[in-house]
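Okay, here's what each chain looks like letter by letter:
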Amino acid sequence: MKHIISILVENRPGVLARVIGLISGRGYNIDSLNVAPAQDATTSRITMTVPGDNRVMEQVTKQLNKLVDVIKVFDLTEQKYIDRELALVKVCSTVKNRSAVIELAALCRAEIIAVQNKAMIIQVVGATDEVNNFLELIKSHGIVEVSRTGVIAMSKAEG
Amino acid sequence: MRTGVQCLMDGLKKAGVQTIFGLPGGQVLDIFNGLYDAPFKFVLTRHEQGATHMADGYARATGRVGCCLVTSGPGATNTVTGLGTAYMDSIPLVCISGQVPTHMIGNDAFQEADTTGITRPVTKHNYLVRNVDDLPRIIAEAFYIAGSGKPGPVLVDIPKDVQRGTTEAATPNEVKIRGYNPTTEGHPRQIEKLAEAINKAKKPLFYVGGGAISSNAAEEVAQLARKAKIPVTTTLLGLGAFPETDALALRMLGMHGSVTANFATHHCDLLVSIGARFDDRVTGKIAEFAPHAKIAHIDIDPTSISKSVPVDIPVVGDVKQVLKVLIPLVESKERAEWLTQIQEWKQKHPFAYDQKGSKLMPQYVIEQIYALTKGDAIIVTEVGQHQMWSAQYYKYTKPRTFISSGGLGTMGFGLPAAIGAQFGCPGKVVVDISGDGSAQMNFQELVVAVEHRIPIKVVILNNGYLGMVRQWQEMFYKKQYSATCLGQSGRGKNEKIKDRPDTPYLPDFVKLAEAHGALGLRAKTKAAVVPMLEKAFAADGPAVVECIVEPEANVYPMVPAGASLLEMIHSMA
Chain A
3 MKHIISILVE NRPGVLARVI GLISGRGYNI DSLNVAPAQD ATTSRITMTV PGDNRVMEQV
63 TKQLNKLVDV IKVFDLTEQK YIDRELALVK VCSTVKNRSA VIELAALCRA EIIAVQNKAM
123 IIQVVGATDE VNNFLELIKS HGIVEVSRTG VIAMSKAEG
Chain B
8 MRTGVQCLMD GLKKAGVQTI FGLPGGQVLD IFNGLYDAPF KFVLTRHEQG ATHMADGYAR
68 ATGRVGCCLV TSGPGATNTV TGLGTAYMDS IPLVCISGQV PTHMIGNDAF QEADTTGITR
128 PVTKHNYLVR NVDDLPRIIA EAFYIAGSGK PGPVLVDIPK DVQRGTTEAA TPNEVKIRGY
188 NPTTEGHPRQ IEKLAEAINK AKKPLFYVGG GAISSNAAEE VAQLARKAKI PVTTTLLGLG
248 AFPETDALAL RMLGMHGSVT ANFATHHCDL LVSIGARFDD RVTGKIAEFA PHAKIAHIDI
308 DPTSISKSVP VDIPVVGDVK QVLKVLIPLV ESKERAEWLT QIQEWKQKHP FAYDQKGSKL
368 MPQYVIEQIY ALTKGDAIIV TEVGQHQMWS AQYYKYTKPR TFISSGGLGT MGFGLPAAIG
428 AQFGCPGKVV VDISGDGSAQ MNFQELVVAV EHRIPIKVVI LNNGYLGMVR QWQEMFYKKQ
488 YSATCLGQSG RGKNEKIKDR PDTPYLPDFV KLAEAHGALG LRAKTKAAVV PMLEKAFAAD
548 GPAVVECIVE PEANVYPMVP AGASLLEMIH SMA
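If you're matching them up, the sequences are chains A and B in order. Each residue of the first sequence is one higher than the one before, counting from 3 in our numbering. Each residue of the second sequence is one higher than the one before, counting from 8 in our numbering.
Keep in mind the hints are simulated off the structure, nothing from the lab. Take these hints with a grain of salt, some might be off.
[Said to hold, decoys possible] If you anchor each label on the Cβ, the simulated ranges turn out as follows:
{"no.": "1", "chain 1": "A", "residue 1": "Arg14", "chain 2": "B", "residue 2": "Glu351", "range": "58 to 68 angstroms"}
{"no.": "2", "chain 1": "A", "residue 1": "Ile22", "chain 2": "B", "residue 2": "Ile293", "range": "27 to 37 angstroms"}
{"no.": "3", "chain 1": "B", "residue 1": "Asn223", "chain 2": "A", "residue 2": "Lys74", "range": "24 to 34 angstroms"}
{"no.": "4", "chain 1": "B", "residue 1": "Pro128", "chain 2": "A", "residue 2": "Lys120", "range": "42 to 52 angstroms"}
{"no.": "5", "chain 1": "A", "residue 1": "Ser157", "chain 2": "B", "residue 2": "Ile293", "range": "26 to 36 angstroms"}
{"no.": "6", "chain 1": "B", "residue 1": "Ala490", "chain 2": "A", "residue 2": "Met156", "range": "38 to 48 angstroms"}
{"no.": "7", "chain 1": "B", "residue 1": "Gly124", "chain 2": "A", "residue 2": "Lys74", "range": "21 to 31 angstroms"}
[Claimed, not checked] In silico SDA-like links for lysine to any residue, alpha-carbon gap of 20 angstroms or less:
{"no.": "8", "chain 1": "A", "residue 1": "Lys64", "chain 2": "B", "residue 2": "Gln197"}
{"no.": "9", "chain 1": "A", "residue 1": "Lys68", "chain 2": "B", "residue 2": "Ser315"}
{"no.": "10", "chain 1": "A", "residue 1": "Lys158", "chain 2": "A", "residue 2": "Asp85"}
{"no.": "11", "chain 1": "B", "residue 1": "Lys314", "chain 2": "A", "residue 2": "Met59"}
{"no.": "12", "chain 1": "B", "residue 1": "Lys183", "chain 2": "A", "residue 2": "Asn67"}
{"no.": "13", "chain 1": "B", "residue 1": "Lys314", "chain 2": "A", "residue 2": "Gln61"}
{"no.": "14", "chain 1": "A", "residue 1": "Lys74", "chain 2": "B", "residue 2": "Arg185"}
{"no.": "15", "chain 1": "A", "residue 1": "Lys64", "chain 2": "B", "residue 2": "Thr191"}
[As the list claims (entries may be wrong)] Anything over 12 angstroms on all C-beta distances counts as not near chain A; from chain B, calculated:
{"no.": "16", "residue": "Asp17"}
{"no.": "17", "residue": "Gly414"}
{"no.": "18", "residue": "Glu557"}
{"no.": "19", "residue": "His577"}
As the structure is a computational prediction, the values presented were derived from the model and not from experiment. All C-beta atoms in this analysis are idealised placements derived from N, C-alpha and C, irrespective of residue type, glycine included.
Put together the whole structure using the sequences plus the hints.
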């Protein structure tokens, strides 16, 4: 099972390398990874999806907690949460299929960001499944390139 | 206004550093210049690996944080094995390394290495100091992190311009790190649960590891064991945490542990790990480890709990603090049946070797060292067969008297670690027990012992082989002694050197010792062992005693890797 782990870390050089090194050094995998400064600029938030059973996840979170630069680790999968991902998709589109692409994008609540002679760049936001679904549907028009942010997530807890 | 070097010196002073082991180089010239009239003893080692092992041995023997100082590039990369050794065994030390000036970092400058990158997996934490204003805080943090919680090595990499820069920043009196708050007090409810389990158990067993030693809890372990009449087995790193001469002591468990300890582990109904981490050399086949037991685990490191063996009663906390709360909750009991069973096993299955005839058996040498030192020496070992024999045939009664690289298994650790231990404990007899393989790693550090009149005794059990690997080849690889014969005979075709006679004594350890300025002695017969050891122990300075032992002696009992603890091999016959 995939777990979404949200890690609040010190915003310092080398901290990401520590987190990644720990995961790879202990033989775990990362499916996706996202890093950016958090609200308090002295901290950063790392969100990653890691496959593994509960025992693996217990080790991963405990090992991460042991790092001096890690302030807090949450396994969001254990609680109610919202997750989102953003993808930019460059799709082949000429006059012929343009309206079909626009229609599909609208149906999937994707946004057209740029229109070019032979391609369009579309932005799709949603849970990983929704993004995957859109990519699957748009595939028949010819995908030139995809760039995804990886998952970010937030607990629904109000406190 | 202080320079970076002054900040470092003040920080070291404040941390209570007395002795620093190290080697200079271009990027630490400023630090060494500052050290010139600083109030620390500086020990010039002959290799940076030696410096780390000395700081490590010093830390293990004294319980203080060890300190070493090296230059950038190769100086720093040479510390990797020493840091890894300390990391695996949770030994507190701080390693200061020089670095090229910040503006040159990343430019492939002369003697530049990504030291924090390279040492990240082998340190508890490390720092690259980019700004001199941070240096006072970082030095204080480094010593705090190394010595607190689960101890470990910390490296501080200081670029040359940071050493020379100036700052108003003061050395902090107190360290606070928001991401680092080790749990030292055990949860009261968990401790109660553990006490209930102990009180209910018919066949409880304590399995004590290095954590009991690093938390200075030997006294509490003994109190608890004696109060509740619970037998005690220890890991390799736990040797000395409970007196092995005590009737409740079962000696070491695991791959080369005692039959009694392994039987007791198999048959107990409650196994309480006290600062031990269920290492694979202890558990053997996990599915068959302590199959009848409820498992409790006291450990300061939450990641150690249920890492390999699922734990029923975890207590996260410092061993000493937890035991102090636990002892009054535990009832005095007799447990006559269980203890009778254990006495029976003990009588029937002591550690034993072939004592017939006049062969010079390696185990005999250890027994003589035990007799001559009256069990009161600090025994340091290298890694291999001699290490296991040192664990089996010397009885440890006090903590910090057995020093060995357990987790990483670093050959070449013992001699420098013995020197470090002796610097920390000048009044003690310190013996490095070695094999002829390990002895050839880091032998150069003997010069340090000679110079400083550090009277360590190095006893080399020379069997002409890389013995432990040879033993595995004998048992599991059809006696194909690939790359384990230090002499010529027995080598495979691809290793045999044409027209090379099988010279004895290559190297000649007696001459090698003498060349370093130490006393060199050799015992070729059983009868010569005691006189040679006596001579060595009587000498004022360091001495090396080479014992030419039975070449194919094996370490028994042995649990093959991955087998259950009951599947002990007792001989090849």
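So, going through the hints one by one against the coordinates:
At about 60 angstroms, the CB distance of Arg14 of chain A to Glu351 of chain B agrees with the hint of 58 to 68 angstroms. Evaluation of the 27 to 37 angstroms hint for Ile22 of chain A and Ile293 of chain B yields a pass: the beta carbon distance comes to about 29 angstroms. In this structure the supplied range 24 to 34 angstroms holds for Asn223 of chain B paired with Lys74 of chain A, their Cβ-Cβ distance being about 31 angstroms. Range check, Pro128 of chain B to Lys120 of chain A: Cβ separation about 48 angstroms, and the 42 to 52 angstroms hint holds.
The beta-carbon spacing between Ser157 of chain A and Ile293 of chain B, approximately 35 angstroms, falls within the hinted interval of 26 to 36 angstroms. In this structure, Ala490 of chain B and Met156 of chain A break the distance hint of 38 to 48 angstroms, their C-beta atoms being roughly 57 angstroms apart. For the pair Gly124 of chain B and Lys74 of chain A, the beta carbons lie near 25 angstroms from each other, so the given range of 21 to 31 angstroms is met. Simply put, Lys64 of chain A and Gln197 of chain B have alpha-carbon atoms about 19 angstroms apart, close enough for the 20 angstroms limit, and the pair holds.
As the CA atoms of Lys68 of chain A and Ser315 of chain B are separated by approximately 18 angstroms, the hinted pair is consistent with the 20 angstroms bound. Note on Lys158 of chain A and Asp85 of chain A: the hinted pairing holds, with a Cα-Cα distance of about 10 angstroms set against a maximum of 20 angstroms. A distance of roughly 11 angstroms separates the Cα atoms of Lys314 of chain B and Met59 of chain A; the hinted pair therefore holds under the 20 angstroms criterion. The hinted pair formed by Lys183 of chain B and Asn67 of chain A meets the criterion: a straight-line CA distance of about 16 angstroms does not exceed 20 angstroms.
Restraint check: the Cα-Cα separation between Lys314 of chain B and Gln61 of chain A comes to about 7 angstroms, which is no more than 20 angstroms; the hinted pair holds. Only pairs whose Cα atoms come within 20 angstroms are accepted, and Lys74 of chain A paired with Arg185 of chain B is accepted, the gap being roughly 10 angstroms. The straight-line distance between the Cα atoms of Lys64 of chain A and Thr191 of chain B is roughly 16 angstroms, inside the 20 angstroms bound, and the hint therefore holds. Separation of Asp17 of chain B from chain A is adequate, the least Cβ-Cβ distance of about 23 angstroms exceeding the 12 angstroms criterion.
For Gly414 of chain B, the non-interface assignment is confirmed: its Cβ lies about 15 angstroms from the closest Cβ of chain A, beyond the 12 angstroms cut-off. At roughly 41 angstroms, the least C-beta separation between Glu557 of chain B and chain A is larger than 12 angstroms, which holds for a residue marked as non-interface. Listed as outside the interface, His577 of chain B is consistent with that label: its C-beta sits roughly 35 angstroms from the nearest C-beta of chain A, beyond the 12 angstroms cut-off.
Violated hint for the displayed structure: number 6, the only one.
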